[in-house]
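From first to last, the protein sequence lines stand for chains A and B. Once you know that position 165 of the first sequence is 165 in our numbering, the rest is easy, because the numbers rise by one and skip nothing. Converting from the second sequence to our numbering requires adding 598 to each position, the first position being numbered 1.
Because the hints were derived from the structure by calculation, they are not lab data. On a predicted model such as this, the values are computed, not experimentally measured, just so you know. A portion of the hints provided could be inaccurate.
[Unchecked claim] Simulated restraints on C-beta separations:
1) B:LYS610 - A:GLN368: 55 to 61 Å
2) A:LEU81 - B:GLY820: 46 to 52 Å
3) B:GLU920 - A:ASP443: 41 to 47 Å
4) A:ASN367 - B:PRO780: 57 to 63 Å
5) B:ASP813 - A:GLY214: 35 to 41 Å
6) B:LYS1060 - A:PHE307: 58 to 64 Å
Backbone N, C-alpha and C define an ideal beta-carbon position, used for all residues, glycine too.
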Amino acid sequence: MRMRRPSVADRVGGASNPIDALKRLLTYMRPYRIQLIIVAFFIVAYNIFYILGPFLLGVAIDEYIIPGDVPGLGRILLWMLAVYAGMWLSGVIYGRVMAAVAQRTLQRLRKDLFDHMQTLSLGFFDRQSAGDLMSRLTNDMDAINQLLSQNLVSFLSSFFTLAGVLITMFVLNMWLALTALIIIPLMFILMAAIMQRIGPRFRDLQESLGALNGLMEENLAGQRVIIAYGQQGANLDDFEQLNETTRDASVTANVLAGVMAPLMAVLSTLNVAIVVGAGAAMALAGFGGVTIGTIATFADYTRRFGFPLMQIGNLFNSIISALAGAERIFDVLDTQPQVVDQPAAKKLESIKGDVVFEGVDFSYMPNQPILKKIDLNARPGEMIALVGPTGAGKTTIINMLTRFYDIEEGRILVDGQEIRDVQQDSLREQLGIVLQDTYLFSDTVIENIRYGRLDATDEEVFEAARLANADRFIRRLPDGYETMLSERANNISQGQRQLLAIARAILADPRILILDEATSSVDTRTEVQIQGALLNLMAGRTSFVIAHRLSTIREADQILVLKDGEIIERGNHQSLLEQQGFYHNLYLSQFKGTAVAA
Amino acid sequence: MSAFKKLVPWIKPYWGQIILGFITLTAVSIAELFIPLQIQRIIDDGIAAGNNQVILVSTLIMVGLSIVSMVAMFGNAYYSVVVSEYFGADIRELIYRQIQNFSFANLDKLQTGELLVRLTSDVNALKTAIVMVMRMFFRAPLMLIGALIILIITSPTLSLLLVVLLPATAFLIIWYSRRTEPLYKKVQERLDRVNTILQENIAGVRVVKAFVRADREEERFGEANNAYAEKNIEVNLLVAVLFPTMMTLLNLGTAAILWFGGNLSVNGLLTTGEIVAFVNYLGMTVFPILMLAMILPQIYAAQASASRILEVVEAEPTINDEAQAVEYADKKLAGHVAFENVWFAYSEDECEDEVLKGITFKAEPGETVAILGATGSGKSSLINLIPRLYDVTDGRVLIDGVDVRHLPQETLRQQVGYALQEAVLFSGTIRDNIKYGRPEATDEEVIAAAKAAQAYEFIMSKEGGLDAHVEQRGKNFSGGQKQRLAIARALCVKPAVLILDDSTSAVDIETETEIQAALDEMMAETTTIVVAQRISTVLNADKILVLYRGQIAAEGRHEELLESSPIYREIYDSQLGDGLLKNNEEVTHAHA
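With the sequences and hints as input, model every part of the structure.
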């Protein structure tokens, strides 16, 4: 599946051209220098043997078969067998060595890319669409695979063959060699002419294919809405139209592309005919020492000449497109993480949980400030609630504290240490986060909980699950704690997923706990059950809680009311109500009608 | 091959082009077969006999043959492209059409990603296979038979060599595909694993970072990556041997021809030209077989794709219109909703518990019925039965006294406004999205719906207003904005029944209250069914159903339930109860 690639502005250090990409790929292969030398050596050897074969064939005919020299024929056949054996051996050796080199290189490239992605900041993943990233990692990697394991070698080999055949032809008989070359300019002209025409057609095709894939991707994702609104008919019409356009574009492009191969094949055959015809005429006229053997050899060489030419033409395109893929992968590799440890960053030793924000400013995009002069002070063990309308900047505050992004102005201190000066990992290890969108991995339930602390024993996992009120439903699952979770699994609900995420955070046993709408998909009855556990969990830990349901946060030591990136009110539940401000309104709106009802 | 067989009906419309494709392919093969014969004539009757005429004629014949072959090849290329593209487009449409017949239950089984793979790469695999078969597959037997006939005519003795050579080639190919096929499958499996980890890592990046698990992820990926590379190397090492070996077989054949042919020609049983022709024909028989070996993996891949496609095509849509549903095609619904002893389970599996057990209730036009209950108590399942997104297992769901199963799905759903839990928007303009369920809606109606959903203000703040662009999946809108647009979409239908499935969870409470007030006004004639987590949402409902493990545990208005239902009381307390007592004092106090 090809993803549409939006041109993203955040591309850092894009490689500039295919040659650079190729050079970089080659540096990736540097550890295999010796193997590559072996490959090159055997490609040359292979081609020498490949050319010697027809040569010996001609000799066999002229020198032995026509004169009827059977013992001589036997001797030359032994030579031929030796050549064939050499050809097999060199072919097998370079093929196998290259296969291993190519796969090892790709293995390292994939690993480097993955490991590099682990160092990138959250900003990168927020900007880059997941589909685009996956496309780079799969399609582009596949194109490089093709390039390294087949195309590059075929391309080089074709050049060697071409050169070898040409040299041999001229050594054997200059006049016939020249005859064989007559058709080459014609080949090139035709090839160029067709290429020129094919290019725009394939761009058309790519465009309509992109549109079709986009439509399918989007509508399949929204299929439930389409069903619920009974809009299948209209949807189908849109699809049919694009499907037909794409089909027609594809026919046009591919029919044009299909012209190339027969044309080249025919020109090659034509060339054989010309060479044989002219050769025969020369032989009869006694011109240039042409013999029957020469003709037979030349017939063979001429055919061998056409093939690599065609190959070079075909391969050129796919090599260029593979290098474009390589460029896109190097783009990712060249992207610098925005959040980096200072060279002298210290490890954040075990903390008490004192958090201070001092005049913190932040924006995701220039000139669109999200946080403005945020000040807050959370003492160890306190519960801080963040309240406010959607888009007020609640989650952004969390993103600052976890240092998913770096702040622009001000300071954030944890236990008196500025978080910019400590190692990111040592900071996050002391934070426990339960997020709005729960993410579970395709693994067993127990391993998903254990993700919070990898060395936890099974008993500790069960205990965490019990605290999160997840134990009961887990035990009711078909395989209990060993049940496999996957995207496809609808055996566990959104609310249950959140319980697992909470269990995971409990197991991590952090000093600072962050709950970002952690219970939004859990119904209120279940929420009450979890809340008890969460309260236990929060005791003695600093906690930051974001929730729409104000009931959740009444117990908070501090409630910060955010609006448009600013803290407009602060205090506890009681004092905020008394202020009769924004919070008061928010709180009252929750009870509209109750006053009458109760 | 059975998977291919089942797709045959869709290739039938193109029999004509397929046959033309094979005719042209045959023409190509015949033309190519005759070329070495001409070379032989030039050598034997031309050069050896010193006849210029023969050389000229034969050369011209060769030129003619290659032109014939070129034209035929063009034809072949054309027909193969046409058949594969048209067939591919047809199959894609077949799959897509089938998906349009799917119900929610079908979609539960086949994920978006899986469907997309079938529509894209699986269809492509079939197309590639068709091109391959039409261009090469049948060329092998044609060339083989043709060349064999000519070889036998030329020299039956020398042809005996083929008795050894051909079985050796065939054996090699069979051995090779037997060895590689399972390996290719393993490679694919391991590649899938690599991609799964990648995909999870990208989707779950926040979790990975929050728990500082990059090391573990690297280890996990490293293992999968190594396993994949190892298998891949294994296959590639094997494949790297095949081609040189096939070439060597061909070369050995050439050497054998020279030896035996040479001996024969010494005795005058064979001419030099015939030996050269023989060598050429040998290449012609072996090369197509080699091609076969090359495309065989692609045929296997196409077969796997065909069965994946059939998985979709043969999936029974679990919900179909009844034959007599047509009678109701133009029915205008008033919105009387009634559940009569409804039971429901997601699968017919015996061990699977029913999600709903004996639900009975009524909702009349103008009423608001709220459904409250714990996660997994069956709220969403219940409302999904109203627009017949799933079928009941037992009992009946009636609208205006008619069982929803008797109504045409389109008629039913176009009169039910449903804001789903997950607000999915489509790329296009805001206007397109709001009038999605009723494309003929006027701008006034769109604006009215947007205003009621409290979306009008932020719409107007966007550049272009109603014409502002919505990106794929509504990426350029916040969660709360998406939900409000989804509500506007539901309202714009002017539904007889409006269903809101927890569709304001990302909207702040103040806005939610405003939405409710607007709804009360706008939906005075409509039956409204609301699923909610917040008790504030349900306070004003005409009827509240408290669901507990698939059953209605209590039913009534807020104040009645506070008295009669311990479960309701518990939910209430958890959210506002004890707060409310204090709160009422506080509020009164604060107001005083």
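Here is what the structure says about each hint:
| no. | hint | in the structure |
| --- | --- | --- |
| 1 | B:LYS610 - A:GLN368: 55 to 61 Å | holds (59 Å) |
| 2 | A:LEU81 - B:GLY820: 46 to 52 Å | holds (47 Å) |
| 3 | B:GLU920 - A:ASP443: 41 to 47 Å | holds (44 Å) |
| 4 | A:ASN367 - B:PRO780: 57 to 63 Å | holds (59 Å) |
| 5 | B:ASP813 - A:GLY214: 35 to 41 Å | holds (37 Å) |
| 6 | B:LYS1060 - A:PHE307: 58 to 64 Å | holds (59 Å) |
Hint compliance for this structure: every hint is met.
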